[in-house]
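Enquirer: Protein sequences appear in the order of chains A and B.
Be aware that the first sequence starts at 4, since it is given in our numbering, and climbs by one per residue.
Be aware that the second sequence starts at 4, since it is given in our numbering, and climbs by one per residue.
Do not rely on the hints blindly, as some may be mistaken.
Heads up, the list lumps identical chains together, so a pair's fine if it works in one copy or across two of them.
Heads up, simulated EDC-like pairs for lysine to aspartate or glutamate below, C-alpha to C-alpha not over 20 Å straight-line [stated by the list, open to error]:
id	residue 1	residue 2
1	K203	E193
2	K157	D116
3	K203	E181
4	K84	E232
5	K203	D116
6	K203	D188
7	K80	D107
8	K79	E232
9	K157	E201
10	K77	E232
11	K157	E193
12	K80	D116
By construction, these hints were calculated from the structure, which means they are not laboratory data.
Note that the structure is a prediction, hence the values are computed from the model and not measured.
Letter by letter, the chains look like this.
2 protein chains.
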Amino acid sequence: MSPSVFFWVTYVPCLCLGLLCLLFVSFWSSHWHGGFSWDGSALQFNWHPVLMVAGLVVLYGNAVLVFRMPFTWKQKKNTWKLVHAGLMLLALLLSVLGLCAVFDYHRSLQIPDMYSLHSWVGICTVIMFAFQWVLGLAGFLLPCSPLPFRSNLKPVHIWMGKAILILSLTSCISGITENLFFSLDGVSGEPYSSLPAEAKFANSLGILIVAFVLVVFGILSKNSWQRPESENESIPS
Amino acid sequence: MSPSVFFWVTYVPCLCLGLLCLLFVSFWSSHWHGGFSWDGSALQFNWHPVLMVAGLVVLYGNAVLVFRMPFTWKQKKNTWKLVHAGLMLLALLLSVLGLCAVFDYHRSLQIPDMYSLHSWVGICTVIMFAFQWVLGLAGFLLPCSPLPFRSNLKPVHIWMGKAILILSLTSCISGITENLFFSLDGVSGEPYSSLPAEAKFANSLGILIVAFVLVVFGILSKNSWQRPESENESIPS
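All chains, full assembly: derive it from the sequences and hints.
Expert: Set out below in structure tokens:
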């Protein structure tokens, strides 16, 4: 099997897993929690899991894979750097909107903010992501960025990119856990420990997110899917 | 700064973070939850977080770094493969003991098992770890293992090694979240949302575990800390 075909045989299931994550998180919010609104009610909170999974996991995970797609290797790297930065900006905006949804809902119902471990890890993830985006723009897209800065930044950018995806996964799994304890043990009559349909469904969403992130890490770890550096790209970018 | 000195400047803080994780998780169980016992009571449960953090995070994290230590590069690789496998076996045994602690406690108090997302992710982590250990033994330590099997296994072993560490982190953070909801909102008079001393302490433990795992990933991502392959080690190992 050629490397290009092998890539697609791995990437298409990865894409399907990402779409399944989106489908599951949207269905969870709409079927068990009443759907969506932006009015400070619990329906506004429902945007939080959907926007975080969409931005921090699915879009982010696809954006990190842009340079691994073999059909891009013969095209200008600068074009794909812009695509990478554009997708990452969209992912960051969705995440910030997801944070606004939960903070607004908390303010409206006077629920305390930022006390849980989920919120501590989650806020670190988004701050690190914003920092990484600005640093990436300054280092790899601005033509005036000095060469030593670029070459020192590249390994840090790669490590931080993986760290953000790990933190996103951790935030999602702890967030689903927290949400299920609130909605099942706190509100509905069916305790989490009796594993009602909602619990089974949301646990499966968690497993889908885990699978998606691990497949992304699998694709990243394969050396033969790294974009080959051509001669005119010998400067670190 | 020489690569060797730079390695130690990074590894020593990593080691300190790991020891702090152990100290924090032990203090949490002993100060707020009454200490340890092996009698089916809540004091037996207290072994669960301590053994999982010790085995799946701190010992595992250090065992994956064995080949990155510059002083080992001039010594026989086989010796360090045995050290790696030995540390991993100890980490696996601690994790299995940690699982026994919680299953035994559940059975003794007739609490349902395996319903939460934390338990689903956690059990996947330990099963994957056991599978990885047996596969690693068969592929890299048994002299009769065929060469093509070794060379195909190596990238899978590296990817699965990272995947297990990511899953361990995810299990720990969701486990701390679950534990705090039980012990604060369920038992004591101080809700989690008022951020009492125990919540601040256990959240900090979570952040320490995150920091430890991200530093381990940082060390793994540095190419110049990879053990150089000598000529007589050209066969994949």
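Enquirer: Now tell me, hint by hint, if it's right for this structure.
Expert: Tested hints:
In the homo-oligomer, the alpha carbons of K203 and E193 lie at most 20 Å apart inside one protomer (12 Å), although the nearest pairing across protomers, at 30 Å, exceeds that limit. In this assembly of identical chains, the alpha carbons of K157 and D116 never lie at most 20 Å apart, being 35 Å within a copy and 45 Å across copies at closest. In this homomeric assembly, K203 and E181 come within 20 Å of each other (Cα to Cα) both inside a single copy, at 15 Å, and across copies, at 17 Å. Taking the closest pair of Cα atoms, K84 and E232 come within 20 Å of each other only inside a single copy of the chain (14 Å); across copies the shortest separation is 34 Å, beyond that limit.
Proximity of K203 to D116 under the C-alpha cut-off of 20 Å is restricted to the inter-copy arrangement: shortest distance 14 Å between copies versus 28 Å within a copy. Within a single copy, K203 and D188 get their C-alpha atoms as close as 14 Å, which meets the 20 Å cut-off; across copies the closest is 23 Å, which misses it. Neither within a single protomer nor between protomers do K80 and D107 lie at most 20 Å apart by alpha-carbon distance, with minima of 40 Å and 56 Å respectively. When the C-alpha separation of K79 and E232 is checked against a cutoff of 20 Å, the pair qualifies only within one copy, where the shortest distance is 11 Å, while the shortest distance between copies is 34 Å.
Within a single copy, K157 and E201 get their C-alpha atoms no closer than 43 Å, and across copies no closer than 40 Å, so neither meets the 20 Å cut-off. Proximity of K77 to E232 under the C-alpha cut-off of 20 Å is restricted to the intra-copy arrangement: shortest distance 11 Å within a copy versus 32 Å between copies. In the homo-oligomer, the alpha carbons of K157 and E193 never lie at most 20 Å apart, since the shortest distance is 50 Å inside one protomer and 46 Å across protomers. Taking the shortest alpha-carbon separations for K80 and D116, neither the intra-copy value of 42 Å nor the inter-copy value of 51 Å comes in at or below 20 Å.
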